[in-house]
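A.B. asks: Now for the letters of each chain:
2 protein chains.
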Amino acid sequence: MTRLSEPDHTGAFVEHLDLPPHRSGPLDGLGFTVKDNIDIAGHKTSYGSPAWRDAHPAPKHNALCVDQLLAAGARCIGKVVADEFTYSLDGESQFYGTPRNAKAPDRIPGGSSSGSAASVAAGLADFSIGTDSGGSIRVPASLCGLWGIRPSLHRISEAGVLPFMPSVSTVGVLAARREHLDMATRMLLRSGKAPARPLRQILVLTDALEVADEAVRTAVQAALTRIADRTGITPEPVRFSQIADAGASLRECNENALRDLQTAEFQSTVGNWIEAHNPELGFTFSMAYGNVLAFDRIAALDSLDRCERLFEAINSFLEPGVVICFPTTPVIAPQKGSLNSLEAVIDFYDRTMTITAFSGVARLPEVTAPLLTVDGCPVGLSFAAAHYQDEFLLGAVKTMLG
Amino acid sequence: MTRLSEPDHTGAFVEHLDLPPHRSGPLDGLGFTVKDNIDIAGHKTSYGSPAWRDAHPAPKHNALCVDQLLAAGARCIGKVVADEFTYSLDGESQFYGTPRNAKAPDRIPGGSSSGSAASVAAGLADFSIGTDSGGSIRVPASLCGLWGIRPSLHRISEAGVLPFMPSVSTVGVLAARREHLDMATRMLLRSGKAPARPLRQILVLTDALEVADEAVRTAVQAALTRIADRTGITPEPVRFSQIADAGASLRECNENALRDLQTAEFQSTVGNWIEAHNPELGFTFSMAYGNVLAFDRIAALDSLDRCERLFEAINSFLEPGVVICFPTTPVIAPQKGSLNSLEAVIDFYDRTMTITAFSGVARLPEVTAPLLTVDGCPVGLSFAAAHYQDEFLLGAVKTMLG
Numbered sequence: 002m003t004r005l006s007e008p009d010h011t012g013a014f015v016e017h018l019d020l021p022p023h024r025s026g027p028l029d030g031l032g033f034t035v036k037d038n039i040d041i042a043g044h045k046t047s048y049g050s051p052a053w054r055d056a057h058p059a060p061k062h063n064a065l066c067v068d069q070l071l072a073a074g075a076r077c078i079g080k081v082v083a084d085e086f087t088y089s090l091d092g093e094s095q096f097y098g099t100p101r102n103a104k105a106p107d108r109i110p111g112g113s114s115s116g117s118a119a120s121v122a123a124g125l126a127d128f129s130i131g132t133d134s135g136g137s138i139r140v141p142a143s144l145c146g147l148w149g150i151r152p153s154l155h156r157i158s159e160a161g162v163l164p165f166m167p168s169v170s171t172v173g174v175l176a177a178r179r180e181h182l183d184m185a186t187r188m189l190l191r192s193g194k195a196p197a198r199p200l201r202q203i204l205v206l207t208d209a210l211e212v213a214d215e216a217v218r219t220a221v222q223a224a225l226t227r228i229a230d231r232t233g234i235t236p237e238p239v240r241f242s243q244i245a246d247a248g249a250s251l252r253e254c255n256e257n258a259l260r261d262l263q264t265a266e267f268q269s270t271v272g273n274w275i276e277a278h279n280p281e282l283g284f285t286f287s288m289a290y291g292n293v294l295a296f297d298r299i300a301a302l303d304s305l306d307r308c309e310r311l312f313e314a315i316n317s318f319l320e321p322g323v324v325i326c327f328p329t330t331p332v333i334a335p336q337k338g339s340l341n342s343l344e345a346v347i348d349f350y351d352r353t354m355t356i357t358a359f360s361g362v363a364r365l366p367e368v369t370a371p372l373l374t375v376d377g378c379p380v381g382l383s384f385a386a387a388h389y390q391d392e393f394l395l396g397a398v399k400t401m402l403g
Numbered sequence: 002m003t004r005l006s007e008p009d010h011t012g013a014f015v016e017h018l019d020l021p022p023h024r025s026g027p028l029d030g031l032g033f034t035v036k037d038n039i040d041i042a043g044h045k046t047s048y049g050s051p052a053w054r055d056a057h058p059a060p061k062h063n064a065l066c067v068d069q070l071l072a073a074g075a076r077c078i079g080k081v082v083a084d085e086f087t088y089s090l091d092g093e094s095q096f097y098g099t100p101r102n103a104k105a106p107d108r109i110p111g112g113s114s115s116g117s118a119a120s121v122a123a124g125l126a127d128f129s130i131g132t133d134s135g136g137s138i139r140v141p142a143s144l145c146g147l148w149g150i151r152p153s154l155h156r157i158s159e160a161g162v163l164p165f166m167p168s169v170s171t172v173g174v175l176a177a178r179r180e181h182l183d184m185a186t187r188m189l190l191r192s193g194k195a196p197a198r199p200l201r202q203i204l205v206l207t208d209a210l211e212v213a214d215e216a217v218r219t220a221v222q223a224a225l226t227r228i229a230d231r232t233g234i235t236p237e238p239v240r241f242s243q244i245a246d247a248g249a250s251l252r253e254c255n256e257n258a259l260r261d262l263q264t265a266e267f268q269s270t271v272g273n274w275i276e277a278h279n280p281e282l283g284f285t286f287s288m289a290y291g292n293v294l295a296f297d298r299i300a301a302l303d304s305l306d307r308c309e310r311l312f313e314a315i316n317s318f319l320e321p322g323v324v325i326c327f328p329t330t331p332v333i334a335p336q337k338g339s340l341n342s343l344e345a346v347i348d349f350y351d352r353t354m355t356i357t358a359f360s361g362v363a364r365l366p367e368v369t370a371p372l373l374t375v376d377g378c379p380v381g382l383s384f385a386a387a388h389y390q391d392e393f394l395l396g397a398v399k400t401m402l403g
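One line per chain: the protein sequences are A and B, in this order. So in the numbering used here the end of the first sequence lands on 403, straight run, no missing numbers. So in the numbering used here the end of the second sequence lands on 403, straight run, no missing numbers.
Bound-form chain A, shown alone (with noise of 0.2 Å):
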């Protein structure tokens, strides 16, 4: 095991930085963190790869986003761990350790952007900004207790972020407090809209709730009570069979659909750096390549038609002022170093990719709330809204959890 950096006690620095803002702005004050595949000028971008970091030269310009918040006032503290290639949702690194989640310190922070969560899980960070295409925001938000968004897709710019899963791939906020994330997210949204439209209704995505251990079910009925409490909407009840199909099933947004398009998008952006360079890969990540190797790349064609069809279905559905609520992740953190037996890793992967993938597939912002505790453990509610609706889904949330 090679460690590339001195850790603090948190395990989530990669580098400390203090990059003053550009100028003053509405995030005068705050300091944020950049997940370790967002370029920041002058400085290595890993990858959370040992040997991508050591075959590309530092970029000359920050990526967009950060100097969108660097000019909004914010001042950038440090470049933090992601997981190898951004491919897990663990956050156990082999190159750069396993970044502490504070509220749970046994447990696994998850990842892929592991370092943002524990920067600002640990109170280093006012916010950190991070990466999300098959969760790898809102299931570090979701485990370390924090707030996370994953914009509509392409909301905020990538350039400078390294091109991932071009279909799937989101630039997004994870931050400790509701009105830190709304503000971030903002920033980076750049919108001019006018004030959103009231929410109207609140729906509970009841496959989601199936997929999730029962102590989450039940953690997650607690809290739709207080939401109808707190806003007279009575949160009711769809099936994954309404908005798609008739007999159709919420994993059918993985399974055969984005799963197949996330592989075949990473074949042609990392895929092929690997298989022209064969760099030292870390194990876990090694196991799980084998899969994208052996992908059969023609036959997977047609998940792409269901994806778009699906994007489809559940737009259509999503009215304006309606949001669907479900678990983030369908599990409180796994133990550190529990994801040891191909079982596991499938239970939990595969559980947790049957919910994030919803989102991902259509294309919705979603917003993960710290709002549940099972075990004496973090675990997110989701909020999500039809395509492009960031700007109500974060007055939505406002509205429900203050």
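By construction, these hints were calculated from the structure, which means they are not laboratory data. Here a beta-carbon is modelled for each residue, glycine too, at the ideal position from N, C-alpha and C. Be aware that one or more of the hints could be misleading.
[To be verified] Computed from the model, here is a short list of chain B residues facing chain A with C-beta under 7 Å:
hint, residue
1, P60
2, H62
3, A72
4, S158
5, G161
6, L210
7, D214
8, T264
9, D306
[Stated by the list, open to error] Among chain B residues calculated to face chain A with C-beta under 8 Å, some are:
hint, residue
10, K61
11, D68
12, H155
13, E159
14, A160
15, P164
16, P167
17, R191
18, S192
19, E266
20, T270
21, E276
22, P280
23, L302
24, E309
25, G377
Dock chain B against the given chain A, drawing on the hints supplied.
C.D. replies: Chain B alone, transformed into the frame defined by chain A:
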């Protein structure tokens, strides 16, 4: 001047290929070419730059869009010339030559999808796939007398397409026949949508007409009369100030908005690489790149906000069932070698991009149709619809033009 491949009489091809279809499909019997910034497995992608080509290994996988077309029954017949780093609208490459404009052989083909246009215009390919940010499909289609489409931003997967300007760049199609443009585009859009709503209104963007040469304006009016006769729908003039704020000018879409966003994103993609590696650059590109180097990235961040507001204004205005029409380019193709003074370059680029930035900033699908002839040379007439209304637009174009 380095010539990297033996040109045929069109000068369009970097490499002749004969990649058979993956399977039979709707595109059976059609042959297509691929712009040289889109990956073909086992063949280096040059990005229009010999230095980039030499520094990067051949990709292991086809771009997803290439695989989609091969899986729909089409045959890939070659890799075709792109302008250096696709950062041009003229099609005069110092390294790969100037592909021949079959309809106006003493004139430029337009770029940066110059080889795409030339290969189709010469009848060697039924269609070609290219990319478009500032007009790189629409301009060569217009100047070479072809059909072309820039789809809605991010409707077609960019996996295996060299990252250029993530918030602006699209993959699209050029074709000699409308039917082929329609079929190939629908394969790439992979939509399961029900038949699109009918065309109910045709708007004409008068500001774009005013930017165009008088002879182009006259030709547009004649074409609109034929469309009115065919559809029974009388095109209605609309000013940009009715779409955006009162007093707004069409020029705003380019100036201090899309142009700055493009430059900032170009710094993060190509710029970082050029500044780290100091590669051999062509003279014309070097001149343009001087502006990129001198660009004030921080001062230009406000352009992102302007882009977002223009996106929202234009898409609020363009209701379902509405198309908006304007000349694709303000001029016919300039004579080869005539863009040799700063004045000539500025006149061609500024006027052209004042028009092309409209769909760019609003992320609209835009089809250019080879309907106009001025001084014996082709010019395109463009039709755009709201973001993500690609299938409606293809249907409306069929209704209007048959």
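A.B. asks: Hints first: check each against the structure and report whether it holds.
C.D. replies: Here is what the structure says about each hint:
1. About 5 Å separates the beta-carbon of P60 (chain B) from the nearest beta-carbon of chain A, less than 7 Å, and the hint is met.
2. Annotation: interface hint on H62 (chain B) holds; nearest CB of chain A at approximately 5 Å, less than 7 Å.
3. Among the interface hints, the one on A72 (chain B) holds; its C-beta lies about 5 Å from the nearest C-beta in chain A, closer than the 7 Å criterion.
4. Because the beta carbon of S158 (chain B) sits about 5 Å from the nearest beta carbon in chain A, less than 7 Å, this interface hint is met.
5. Taking 7 Å as the C-beta contact cut-off toward chain A, the hint placing G161 (chain B) at the interface holds, the least distance being around 4 Å.
6. Evaluation of the L210 (chain B) hint against chain A yields a violated restraint, the C-beta minimum of about 28 Å exceeding 7 Å.
7. Nearest Cβ of chain A to the Cβ of D214 (chain B): about 34 Å, over the 7 Å cut. The hint is violated.
8. For the restraint placing T264 (chain B) at the interface with chain A, the shortest Cβ-Cβ distance is roughly 10 Å, beyond the 7 Å limit, so the hint is violated.
9. For D306 (chain B), the interface hint holds, since its Cβ comes within 7 Å of a Cβ in chain A; the closest pair sits about 5 Å apart.
10. Because the closest C-beta pair between K61 (chain B) and chain A is about 4 Å apart, less than 8 Å, the hint holds.
11. The closest approach between the C-beta of D68 (chain B) and any C-beta of chain A is roughly 6 Å, which is under the 8 Å cut-off, so the hint is satisfied.
12. Interface hint at H155 (chain B): satisfied, since its Cβ lies 5 Å from the closest Cβ of chain A, which is below the 8 Å cut-off.
13. At about 4 Å, the closest approach between the beta carbon of E159 (chain B) and any beta carbon in chain A falls short of 8 Å, and the interface hint on this residue holds.
14. Interface restraint check for A160 (chain B): the shortest CB-CB distance to chain A comes to about 4 Å, inside 8 Å, so the restraint holds.
15. At its closest, the beta carbon of P164 (chain B) sits 5 Å from a beta carbon of chain A; the interface hint therefore holds under the 8 Å criterion.
16. The closest approach between the C-beta of P167 (chain B) and any C-beta of chain A is roughly 4 Å, which is under the 8 Å cut-off, so the hint is satisfied.
17. Satisfaction of the interface hint for R191 (chain B) is found here, the shortest Cβ-Cβ separation to chain A being roughly 5 Å, below the 8 Å cut-off.
18. At a threshold of 8 Å, the smallest CB-CB gap from S192 (chain B) to chain A is about 6 Å, leaving the interface hint in force.
19. The interface hint given for E266 (chain B) is met, as the beta carbon of that residue sits about 4 Å from the closest beta carbon of chain A, less than 8 Å.
20. The interface hint given for T270 (chain B) is met, as the beta carbon of that residue sits about 7 Å from the closest beta carbon of chain A, less than 8 Å.
21. For E276 (chain B), the interface hint holds, since its Cβ comes within 8 Å of a Cβ in chain A; the closest pair sits about 5 Å apart.
22. Interface restraint check: P280 (chain B) against chain A, minimum CB-CB distance 13 Å, threshold 8 Å, status violated.
23. Proximity of L302 (chain B) to chain A holds as hinted, the smallest CB-CB distance being about 5 Å (cut-off 8 Å).
24. Taking 8 Å as the C-beta contact cut-off toward chain A, the hint placing E309 (chain B) at the interface holds, the least distance being around 5 Å.
25. For G377 (chain B), the suggested interface contact is broken, since its CB lies about 41 Å from the closest CB of chain A, more than 8 Å.
Violated hints, listed in ascending order, are 6, 7, 8, 22 and 25; each of the other numbered hints is respected by the structure.
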